[in-house]
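Trainee: So the chains spell out like this:
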Amino acid sequence: MTTETTFRNEPLLEFRRESVRAQALRALAELREKLPLRIPGSGEGELVSINPVAPSEVVAVASDSSRATAEAAVERAASAAPAWAAVEPAQRAAVLQRAAGLMRERRQELAALAVLEAAKPWAEADADVCEAIDFLEYYAAGVIELGHGRPLVQLPGERNRLQYFPRGVCAVIAPWNFPLAIPTGMVAAALGTGNPVVFKPAEQTPACGHALVEALHAAGVPAEALHLVCGRDEPAKSLVAHPKVHNIAFTGSCAAGLSIIRAAAEPAPGQHHVKRVIAEMGGKNCIIVDADADLDDAVPAIVKSAFGFAGQKCSAAARVLVHRDIADALNERLAGAIRALRVGPAEDFGSDLSAVIDDEACARINAFLDGAEHEPFARADVPAGAGHWVAPTLFVDLPGHSRIVNEEVFGPVLSSERVADVEAAVEIVEAGAYGLTGGLFSRSPSTIEMVSRRGIVGNLYVNREITGAMVGRQPFGGGRLSGTGPKAGGPDYLLQFVEARSVSENTVRHGLVI
Amino acid sequence: MCAMTVNSLETDVRAWGRRLAERLPDGGRHPAALAERRLMRTMIGDPRLRAALFRFVDVRPACRDRTDLVRHLHEYLAEAGAGSPAARRLGGLVGRRTLELPTASAAALGVAQMAHRFIAGEDAGAATAELGALWQRGRCVTLDLLGEATLTEAEGDAYATRCAQTLRELARMSAAWPAQPMLEHDGLGPLPRANLSVKVSALTPHLRAHAPERALGAARERLLALLRLARELDAHLHVDMESLDTRESITALVLELLADPEFADGPSAGIVLQGYLTDSEEELERLLGWLREHPRGAPFTIRLVKGAYWDHEVVMAAQHGWEAPVFTDRRSCDRQYEHLTRRLLDARAEGLPLRPAIASHNLRSLAHALAYGDRLGLPPEAVELQVLRGLGDDTAAAIAAAGRRVRVYCPVGDLVAGMAYLVRRLLENTSNDSFLAAQTTGAELELLLERP
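The listed protein sequences derive, respectively, from chains L and R. Using numbering that gives the first Met the number 0, read the first sequence as starting at 0 and increasing by one per residue. Using numbering that gives the first Met the number 0, read the second sequence as starting at 0 and increasing by one per residue.
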């Protein structure tokens with residue numbers, strides 16, 4: 000694809016400059032004036048999103064859609080499918096690019112929205128907006144490329160073509176942790192390749208979801224080709240079960256992903272297709288630290304990977320597997336670095352991390368902490384008050400059967416375990432259930448080569464943090480129980496949303512090749 | 000400046016350049032210096048070998064034994080070998096079993112020797128003889144404490160303690176030094192003999208590019224204590240500049256503390272201006288403006304440097320999609336450096352309580368500062384020149400021989416701590432843009448002295 004050569008990531012806001020920070024804070028203040036946002040939609044009850052830092056601050060009020068609302072949206076999307084599929088790829092790509100432009104114009108406001116609705120600290124909220132723009136631009140280029148089909152072997156007397164066609168209605172079920180970027184990626188891929196979309200944002204972040212839909216509609220996606228369905232579990236379940244849904248693009252927990260895959264596998268009466276599930280699920284990501292690692296680099300990178308956005312990223316570091324020769328030194332410095340973390344409001348530029356998303360998450364993470372086999376090695380302070388605060392916590396040398404060591408916590412909790420060598424660490428990673436991201440700190444080329452070759456994770460990061468995959472640079476996604484393996488932001492992602500058809504035409508007439 | 004002034008200044012710059020060049024020690028004939036020069040020349044022309052050796056220098060302190068050391072060296076040379084015959088030859092040598100241990104010792108020794116060239120000793124105490132000898136030979140010093148990154152409060156405390164100990168040690172040892180009028184006095188008053196350069200990033204784990212105010216709170220107490228101690232010991236405290244991410248934190252912190260009436264009459268203190276930043280002139284105006292508004296009894300030193308984080312700034316900007324904050328061509332950078340030099344010396348000539356310190360290894364930049372100072376009618380002791388230990392030893396000798404004040408920036412610390420510093424200096428020294436590299440490869444003096 001030409002996308003690799005022409006695509007450039009959207010530049011991040013340069014928050015190290017005072018004027019840029021001031022501009023962002025102004026956007027936040029302006030947005031705050033408009034709260035609560037009213038999200039249009041037909042619904043039975045209310046769905047309210049709040050600021051996790053101050054739960055009494057209502058960010059948006061949306062509809063709590065019922066099964067019937069979701070089903071009606073699928074029916075309408077299905078009716079719109081032929082018209083949207085008939086739009087030329089170049090035109091669909093242009094729509095995506097226009098939407099990217101619209102989001103670019105509103106980028107401070109959109110980042111502010113992620114700050115308030117998801118408690119994303121500024122830098123990460125801005126990165127979320129940039130990634131959304133990147134997905135639109137990157138997939139737009141991919142859509143044009145895919146529109147040309149692929150070359151086939153041609154023999155005299157026959158003309159062979161391979162073209163890609165949209166599959167049909169795509170249900171997008173999105174998470175709250177990248178409330179703009181992840182849904183944008185899934186929705187843009189589906190729409191760009193000609194599929195109508197019914198999009199259900201996470202119940203915690205409906206306003207971010209709405210902002211995306213707004214941009215796409217304004218950019219030229221027909222209202223009937225893209226439907227926003229806010230709500231909790233019920234509409235999501237009915238989308239998965241609906242016979243007119245062809246693709247389900249999902250990002251979320253492993254349990255939810257597996258249940259979607261199971262439900263989608265069973266064809267409804269009258270359903271003449273196999274549903275395809277594109278699932279990006281959990282991770283239990285390890286960073287291996289070899290004895291020759293530079294701890295000056297490793298410690299900040301581990302802290303960023305484990306505690307950035309309070310560990311609420313599927314790519315976040317959960318386990319450090321450190322060579323026993325340097326384990327004590329690493330743990331000591333990690334502990335000190337964790338104590339120096341500042342937990343506070345996401346809108347405060349001085350906060351390293353903020354509150355977790357909701358009280359349910361708070362309770363779930365606390366259950367992990369309460370069940371720990373021994374006391375934490377280190378933890379940071381948290382503010383007092385009503386926010387969903389969880390202290391960044393480090394455990395050292397927990398027993399192998401510990402829940403914290405084995406299950407995805409999805410919070411600011413890190414476990415450090417000592418290993419005999421890198422080989423032993425790799426075996427631990429291989430024995431785990433997931434295969435999303437992984438890290439290695441080593442200054443030995445042969446060790447780096449060995450770990451790369453073992454190929455245990457979808458994204459291996461060497462001598463750097465393991466979060467923050469960039470569209471077009473680090474295509475994201477893993478195998479095993481971490482997902483069905485499509486690499487978001489990579490050259491193969493769009494293929495999940497299309498069906499390839501080949502046409503072979505006989506060009507011999509009366510013995511002559513015409 | 001009008002054309003005529005430019006031309007006559009140029010004549011003076013060249014005259015100063017020749018004067019300094021004539022006084023460069025004839026170290027070239029010394030076998031060790033010859034070998035070093037040959038190695039430098041090889042590295043400049045062979046980027047793969049250069050990369051391999053840097054990686055080796057970098058990993059050296061983390062290797063647990065000699066076998067481990069050899070393994071790493073062998074791997075780096077093997078990687079470089081594809082594109083570098085020299086690396087392949089060396090790799091073959093290192094790979095031979097019988098040679099392993101002797102090679103490792105030699106390699107380890109080589110790194111230690113190289114490190115010693117740049118690092119004066121483990122601490123101030125260990126460097127006593129060295130510092131005293133420099134002073135004897137007409138060169139003053141500033142000490143810099145190398146260390147691992149400060150990631151924890153404990154590490155910040157440890158660094159602050161080392162700074163305090165070093166200040167005391169410097170004050171103690173320098174009391175015994177003989178009088179050196181050029182090094183201890185200028186028109187603004189006495190110059191402290193004890194001089195320490197500190198890094199704010201080492202004082203606190205709370206430096207955040209997005210929140211300068213955070214470091215203010217966290218580093219304030221430690222820097223305050225050091226300023227008080229420096230005043231008590233009559234020592235100079237200089238706050239170093241680091242990457243652009245931290246500039247705002249460092250500048251705000253220093254200016255806020257020094258504006259406090261408590262420090263109106265001391266200690267002698269200073270900050271750094273990095274000429275490679277495209278907005279360095281605005282930054283200088285900010286410093287000068289502050290100085291006008293906060294006239295202190297103790298003069299304020301501004302050390303003008305080119306800047307040592309060029310690669311870092313360029314790479315970070317590229318990865319984030321930002322415009323590079325630094326000049327990307329050498330000539331613009333050198334022009335800016337000379338422009339800032341003139342602004343600094345002008346400000347001094349206008350009577351601001353400012354001590355300009357021109358830190359460079361570029362003979363042309365140094366000659367320019369001296370010539371411009373003369374032109375303004377500034378007394379010789381009003382312009383201080385600075386160089387780095389290891390890189391600028393010859394230059395320092397030439398400046399001292401020419402009867403001007405030169406301060407040698409002397410890092411102290413252990414080998415582990417010194418590696419990052421060492422690698423950075425080596426990279427700087429052998430980069431294509433380096434003035435020293437040009438000098439090493441034997442470029443014509445008149446070419447080196449050309450107006451940028």
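Hints in this document: simulated from the structure, not taken from any laboratory. Only a predicted model underlies this, so the values are computations on that prediction, with no experimental measurement involved. Possibly wrong hints are sitting among the right ones.
Stated by the list, open to error - Covered, in the sense of this in silico footprint (three residues per stretch, anywhere, with C-beta under 8 Å from a C-beta of chain L), are these stretches of chain R:
1. 125-131
2. 241-255
Claimed, not checked - Example chain L residues on the side facing chain R (calculated, C-beta under 10 Å, incomplete):
3. Thr-5
4. Glu-9
5. Leu-11
6. Arg-16
7. Gln-22
8. Arg-103
9. Ala-290
10. Leu-294
11. Arg-338
12. Asp-351
13. Ser-445
14. Met-469
Unchecked claim - Cβ pair distances, simulated, as ranges:
15. L:Asn-159 to R:Arg-40: 57 to 67 Å
16. R:Pro-46 to L:Glu-448: 17 to 27 Å
17. L:Asp-380 to R:Ala-125: 53 to 63 Å
Glycine is no exception: its CB is placed at the ideal position from the N, C-alpha and C atoms.
Trainee: Tell me the numbers of any earlier hints that the structure contravenes, in ascending order.
Mentor: 1, 3, 7, 8, 17
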